[in-house]
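The lines below spell out each chain.
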Amino acid sequence: MTTHIRVLGPGCVKCQKLFENAKEAVERLGIDAEVVKVEDVNELVVRGVFETPALVVNDRVLLAGRVPTVSTLRQLLAPRVGT
Amino acid sequence: MTVEAGARRAREGVVRTWLPPAGASLAWVVLYLANGPTWHWVLFHAAGLSPDSRLGETIRFFAFDMTKILLLLTGIVFVVTVLRSFLSIERTRQLLGGRREGLANVAAAALGVATPFCSCSAVPAFIGFVSAGVPLGVTLSFLIASPLVNEVALVLLYGMFGWRIALLYAAAGLLIAVAAGFVLGRLQLERWVEPFVFETRVGAAETGTLLRWRDRIEIGRDEVAKTVRKILPYLAIGIGVGALIHGWVPESFFARYAGPDNPFAVPFAVLLGVPLYSNAAGVLPLVEALYAKGLGTGTLLAFMMAVVGLSLPETILLRRVLKPRLIATFITVVAVGILTVGYLFNAVL
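Those protein sequences? They're chains V and Y, same order as listed. Residue 2 in this note's numbering sits at position 2 of the first sequence; the count goes up by one each step and never skips. Residue 71 in this note's numbering sits at position 71 of the second sequence; the count goes up by one each step and never skips.
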C-alpha cells in the first residue's frame, strides 16, 4: 500500500528543507510512498496545526514546527509505513 | 537477564543523550573564560604586535568581540530553543483563548517571547488564535512581541552594549507589544480581517510525536547551527567595519548629525531600520561604533526595534489574513510606539 506523506507549509525555507529531507528518508527506506508539498494554509489550520512546517503521514499529523534530520525522519517513518 | 539488558540500554541512552551537551557546556565555559587572555597572548606575545598600536588594537577588538558574541549566541540560542520546545503555539492559544483584553495583552506579549515561532507560522498562528476566541488586539500583542524581543537581538545588544541596554530593550519591546496590541484592540478593526478567518473551522490538534530530551537537544543544536550560519558573514563584516571605525572617525561628526539632541535622528533610524530585516547582526556593530561616538541610546534602541520588529516579509505574509487598511494601522501604531521609546530614552538617559 502506498504511504501518503504531505509536507504542509506556506513555502518558507524550513518547509522546503523538510520536504527534501522527507523525500530522502523515503528513498533511503526504499518504501512505496508519495511525498507531496502543500502550500495551502487552510490545510494546516483545518488539521489544527499552527506551527510550520508540518508532516502528515496517512492523514495523521506526525510532527509540526520542526525539521528533523533524514535519519530521525527514517526512524519516525519506518514503523508507520507498509513496506 | 533481559531486565538487566534493558536497564543497561536505558543507562546508555541517558549517557548518549546527556554526554554531548555536558561536554559542550564545559567547552563553552572554558572558551568563554579563555577568550580575553588567549587573544592577548596570541596577538601581543606570539605575533609580537604592540597593544598600543592602532593595528594591534583593531585586530584584538575584532578577534575578541567575534569570539565573545559567537559564544554568547551559541549558548543562549541553544538554551532558549530547548526551553521553548516545552511550549507550543497550540498551548499558547489555549492559554489565551477567551481572555479579556488588558491583562491578556501582557500575557500574550510574554508568551510571544516564550513560544517557538517563526515568521512563516504567522498566518496559521493568527487564524488559530482568532478562531480560539483570542481578541484581535491580544493576538497582535503576541505577533508584535514574538520577533521584537528575541534572543539573538538581546545577545547582540548585551555583547556590544552591556546588560543595561539589553534589559532596556527587552522591557521597552514588551511595553510596545502590550500597548500597541491594546490600542489596536480598542480601534475595532475586526472588519479589516479577511472574513474567511472567522469562518475557518479549526481541527483538533493531534500531533503524534512526543519530544524526548534527545529531540529537544537536537532541535537546539540545529537552531544554533542555522542561526550561526545565517548571521556569521554579517557579523564578521559588521564587527570588522566596527573595529576599523573604532579609532578613526572623529566624534564630533556623529554627535552633530545623529546625537540625542537632533530631533530627526529617531525617525531616521526607524526608517532606515525597517528594510534591514535579519541583517541586524551586520548593522549592529556599525551602530556600536556610532554609539561610541555619541549616538543617543534611544536612537539606538529605536533602530534595533525597527530592524527586528517591523519586517516586510512578515507583513507580506499577514496580507493573506489582514486587509491593507489593518496592516497600515498595525505598522503605524507599532512605529509610533518605537518612536516614543526612542524619544523617551533619548530624553531620560
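Worth flagging that the hints you see were computed from the coordinates, not collected in a lab. As the structure is a computational prediction, the values presented were derived from the model and not from experiment. Some hints could be false.
To be verified - Lysine-lysine pairs mimicking DSS-like chemistry, simulated, CA-CA at most 30 Å apart:
#: 1; chain 1: V; residue 1: K37; chain 2: Y; residue 2: K323
#: 2; chain 1: V; residue 1: K37; chain 2: V; residue 2: K14
#: 3; chain 1: V; residue 1: K23; chain 2: Y; residue 2: K293
#: 4; chain 1: V; residue 1: K23; chain 2: V; residue 2: K37
#: 5; chain 1: Y; residue 1: K293; chain 2: Y; residue 2: K226
#: 6; chain 1: Y; residue 1: K323; chain 2: V; residue 2: K14
#: 7; chain 1: V; residue 1: K17; chain 2: V; residue 2: K37
#: 8; chain 1: Y; residue 1: K230; chain 2: V; residue 2: K37
#: 9; chain 1: Y; residue 1: K68; chain 2: Y; residue 2: K226
#: 10; chain 1: Y; residue 1: K68; chain 2: Y; residue 2: K230
#: 11; chain 1: Y; residue 1: K226; chain 2: V; residue 2: K14
#: 12; chain 1: Y; residue 1: K293; chain 2: V; residue 2: K14
#: 13; chain 1: V; residue 1: K17; chain 2: Y; residue 2: K293
#: 14; chain 1: Y; residue 1: K323; chain 2: Y; residue 2: K68
#: 15; chain 1: Y; residue 1: K293; chain 2: V; residue 2: K37
#: 16; chain 1: V; residue 1: K17; chain 2: Y; residue 2: K230
#: 17; chain 1: Y; residue 1: K68; chain 2: V; residue 2: K37
#: 18; chain 1: Y; residue 1: K68; chain 2: V; residue 2: K23
* Is the Cα-Cα distance between V:K17 and V:K37 30 Å or less? -> holds (11 Å)
Q) Are the Cα positions of V:K37 and Y:K323 separated by 30 Å at most? A) Roughly 27 Å between the alpha carbons, so the hint for V:K37 and Y:K323 holds.
task = Compare the distance between the alpha carbons of Y:K68 and Y:K226 with 30 Å, and conclude whether the hinted pair is satisfied.
result = Holds, because 18 Å separates the two Cα atoms, which is no more than 30 Å.
- Given the hinted pair Y:K230 and V:K37, is their alpha-carbon gap at most 30 Å? Distance of about 25 Å is within 30 Å: holds.
Straight-line alpha-carbon gap Y:K323 to V:K14, limit 30 Å: Given pair Y:K323, V:K14 holds - Cα atoms ~27 Å apart, limit 30 Å.
Assess, step by step, whether the Cα of V:K23 is no farther than 30 Å from the Cα of V:K37, and give holds or violated. Holds: V:K23 and V:K37 sit about 10 Å apart, inside 30 Å.
Does V:K14 sit within 30 Å of Y:K226, going by the straight-line distance between their CA atoms? holds (11 Å)
- [ ] Would you check the hint for Y:K293 and V:K37, treating anything up to 30 Å between C-alpha atoms as holding?
- [x] Answer violated: Y:K293 to V:K37 is near 51 Å, above 30 Å.
(message) With the threshold set at 30 Å, check whether the alpha-carbon distance from Y:K68 to V:K23 stays at or below it.
(response) violated (39 Å)
| said: Run the distance test for V:K17 versus Y:K293: straight-line Cα separation, threshold 30 Å. | reply: violated (43 Å)
| message | Does Y:K226 sit within 30 Å of Y:K293, going by the straight-line distance between their CA atoms? | response | Measuring from Cα to Cα gives roughly 33 Å; hence the hint is violated.
Y:K68 paired with V:K37 [C-alpha distance capped at 30 Å]: violated (40 Å)
This entry does not satisfy hints 3, 5, 12, 13, 14, 15, 17, 18, going by the numbered hints stated previously.
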